[in-house]
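Chemist: Each residue of the sequence shown is one higher than the one before, counting from 1 in the numbering used here.
Treat the hints as calculated values from the structure; they're not laboratory data.
Among the hints, a few may not be true.
Between beta-carbon pairs, the in silico distance windows are [stated by the list, open to error]:
| no. | residue 1 | residue 2 | range |
| --- | --- | --- | --- |
| 1 | 23 | 48 | 35 to 41 Å |
| 2 | 62 | 102 | 48 to 54 Å |
| 3 | 81 | 115 | 30 to 36 Å |
| 4 | 50 | 94 | 40 to 46 Å |
| 5 | 42 | 21 | 26 to 32 Å |
| 6 | 3 | 88 | 30 to 36 Å |
| 7 | 66 | 111 | 17 to 23 Å |
| 8 | 66 | 157 | 14 to 20 Å |
| 9 | 98 | 23 | 23 to 29 Å |
For every residue, glycine included, the Cβ atom is placed at its ideal position computed from N, Cα and C.
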Amino acid sequence: MTEILIAIFGISMLYVSLTTRIEAYINVLALQGLVLFLMVLTDHAGMGRFSLLFLGTETLLFKTIVIPAFLTYTVRKNGIMREVEPYMPNFYSVLITTAIFAFGFITAFWASSHAPNVRPLYFGVSIATIITGLFIIISRKKIITHVMGYIMIENGIFMMAMSVVGEMPMIVNLGVLLDLFAAIFLLGLFVSKINTEFDEVHIDSLSNLRD
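Given only the sequences and the hints, what does the whole structure look like? Please build it.
Modeler: If you want it as structure tokens, here you go:
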């Protein structure tokens, strides 16, 4: 069951590299949140009861429902529909993302041969997700897409932390969650302000800002 969930998570990242619809990105984030929640339920060995409750609440309530709902409200309010002019065509994005996943699995199997505690499937998909999130940030122009890339990076870090969930996961995840909420809250204010001054809310508008 866990292997199927990890595979679905990885496929969702390949889909993100192909689509240009902003709401499709949000749907992927909601799907990833649900997948992480199911992974917490099916692979919670070593977790305390309180840790399981916290991680389950974080993934189901915040990652699956609250954050996607807030992002949907933001994009609809500001009329942000598509990533119209990415820095590279989607075909090349898919090729690069596929190469990233191949690199992630090569790294995972190399690491598992040197560290028996490393689980290759977990490690490979999490590494690939983190790098793909960085790739989305540098290859897209919309500010909100950059924030979604950051959230995907955080999801990859969460998945990687699942392999060492006994090592004080509460402090780590609480810190990441607070950081994530601060970023999304500022995003809502920032995008709304940018949209009142410029026709497009992409990073090129930032060069026109003045104190």
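Chemist: All hints, please: hold or fail.
Modeler: Hints and how they fare:
1. The hinted window of 35 to 41 Å between residue 23 and residue 48 holds, with their beta carbons roughly 37 Å apart.
2. For residue 62 and residue 102, the Cβ-Cβ distance of about 32 Å falls outside the hinted range of 48 to 54 Å, so the restraint is violated.
3. Remark: the range hint 30 to 36 Å for residue 81 to residue 115 is contradicted by a beta-carbon distance near 45 Å.
4. Separation of residue 50 from residue 94 is about 41 Å and conforms to the stated range, judged on CB atoms against 40 to 46 Å.
5. At about 30 Å, the CB distance of residue 42 to residue 21 agrees with the hint of 26 to 32 Å.
6. Between residue 3 and residue 88 the C-beta distance comes to about 32 Å, which sits within the given range of 30 to 36 Å.
7. A C-beta distance of roughly 34 Å is found between residue 66 and residue 111, which places it outside the suggested range of 17 to 23 Å.
8. Residue 66 and residue 157 have their C-beta atoms about 19 Å apart, which keeps the hinted 14 to 20 Å range intact.
9. The supplied range of 23 to 29 Å is met by residue 98 and residue 23, whose beta-carbon atoms lie about 24 Å from each other.
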